[in-house]
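*Asks:* Chains as they are written, first to last, in the numbering used here: chain A, 1 to 196; chain B, 1001 to 1256.
Note that these hints are calculated values from the structure, not bench results. Every residue gets a Cβ at the ideal spot worked out from N, C-alpha and C, and that includes glycine. Among the hints, erroneous ones may be present.
Stretch-level coverage of chain A by chain B, calculated; a stretch enters the list once three of its residues show a Cβ under 8 Å from a Cβ in chain B [unchecked claim]:
(1) 51-60
(2) 84-98
(3) 104-112
(4) 115-124
(5) 132-145
(6) 181-189
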Amino acid sequence: MTGALASAGPLGAPVVAQVTAIEASLFAFVVLTALFTALARDVLAAVIIFGAYSLGMAALYTFYRAPDVAMTEAAISAGVTTVLLLLTLAKTTRLDHEAAFESVNLPAAGAAGLLFAGLMLTMGDIPAVGSEDAPIWSNPDVTQWYIAETYAETGVENTVMAVLAAFRGFDTFGEAVVVFAAGIAALIVLHREVFA
Amino acid sequence: MSGTDSGGDADAGSDTGAAVDTDAAEAGNTGGSEFASGGGFGRDRPPREDGRLDSERRQGTPYTESQVIMPTVKIVAPFAFTYGLFVTFHGAGSPGGGFQGGAIVAAVVFMIAFAFGIEATRQWLANTVVVALAVGGALVFAGIGLVPVALGGAFLQYELLPIPDPVKYGMEGVEILGIGTIVAGVLIGLFLVLAKGFSDAGGFADADAFDDEVGEGPEAGDGDESSGEDGPADSIDDGEPDPGAPGPAATDGGER
């Protein structure tokens, strides 16, 4: 996201030309769905639009060659979260609204706009997407080392999985335990002793 | 979440609402009745005038037998399930892994629940399966991590595992049997437990529990309801240690 915003920003025309039509339309889709999620007055509509937003983000991640993240976004955010939110909505009271959209609080919108403008000023220093000069890519001690050594060290072709399960396996163990604890917490909060 | 009511007794309770509080209480083991007697949270509003179903009027898990959804899910589910297993098992060579694959497998269960009813899915998928997935995954992950420690190495030092090709199969074990099963089990469990939720439990069960803890006798209405709910609570929750306790047990009895 940042990269293309940067390329559309102070970096100037030559870089803007690299933004393809697919990329631009995905961006427009994601931004619009994000806006409608925030503005939709009906919660059900907001949840469904949020699912569409997540799907757009998943497509965008795929486009930027982060398929692992895209899969997680599609499965967890677009799929599971939407289902759980819908389930919760079915359990709660849904007010009916006359207006389709929330009324915008102008001072808050102004503050958010100022923050956005301030952040945009820093975009010129961020390298373009896929740039070989980007520190995240050119760093010989981290990124390049993992790319070069992962297969020799672990015998696994997918570097992302090697990092998750081997190099940072202890972190992943913590994450898995957090997921497990979330299930237990749901049981406790809902005063139940069995899942099914 | 399609429209028509088939949620059964819980709907009846919340439809009549707090306006007919006593009737609802007499209905005994309906979940919604307790909500009505609990009052508040906007559920005592009158029915909408335009006749549209508001979500407050379908408190049980809404379910409609759809001739479109059921065949679609029947066709799609095996492929989606296989894809989930593929993503999990093939995570070492292609994008994916335990988190993603487990989520896809859980999403298949969600699909089946939407097509054939959450209650039917709940009965088909026994609590034992869900708990075994979540707990088994955590135990396998911890076990694979701790075996090398017992053999004098570091946590998750795969080389020390007493199996052939330990690094490869150790990581696969962590991804498939550890992370994948934890994620699938917990997500399915979250779905099922959210589907039961508070509403069929008769509102915030904390009220009952609080009464018990403080030692005040529960209100007359609450007492009737909880005694009425002991039956279903027993039948649903086999193996539950103490289904007779008025407070938490009442939360399990509602939706049938």
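*Asks:* Run every hint past the structure and note whether it holds.
*Replies:* Comparing the hints with the structure gives:
With 0 residues bearing a CB less than 8 Å from a CB of chain B, the stretch 51-60 of chain A misses the requirement of three and the coverage assertion fails. Here the stretch 84-98 of chain A counts 11 residues with a CB under 8 Å from a CB of chain B, which clears the bar of 3, and the coverage holds. Under a criterion of three residues with beta carbons nearer than 8 Å to beta carbons of chain B, the stated coverage of the stretch 104-112 of chain A fails, only 0 such residues being counted. Counting residues of the stretch 115-124 of chain A whose beta carbon lies closer than 8 Å to any beta carbon of chain B gives 0, which falls short of the minimum of three for the stated coverage.
Coverage of a stretch by a chain is defined here by at least three residues with a beta carbon nearer than 8 Å to that chain's beta carbons; for the stretch 132-145 of chain A and chain B the count is 0, and the condition is violated. Look at the stretch 181-189 of chain A against chain B: 4 of its residues bring a Cβ nearer than 8 Å to a Cβ of that chain, three or more, so the hint holds.
This entry does not satisfy hints 1, 3, 4 and 5, going by the numbered hints stated previously.
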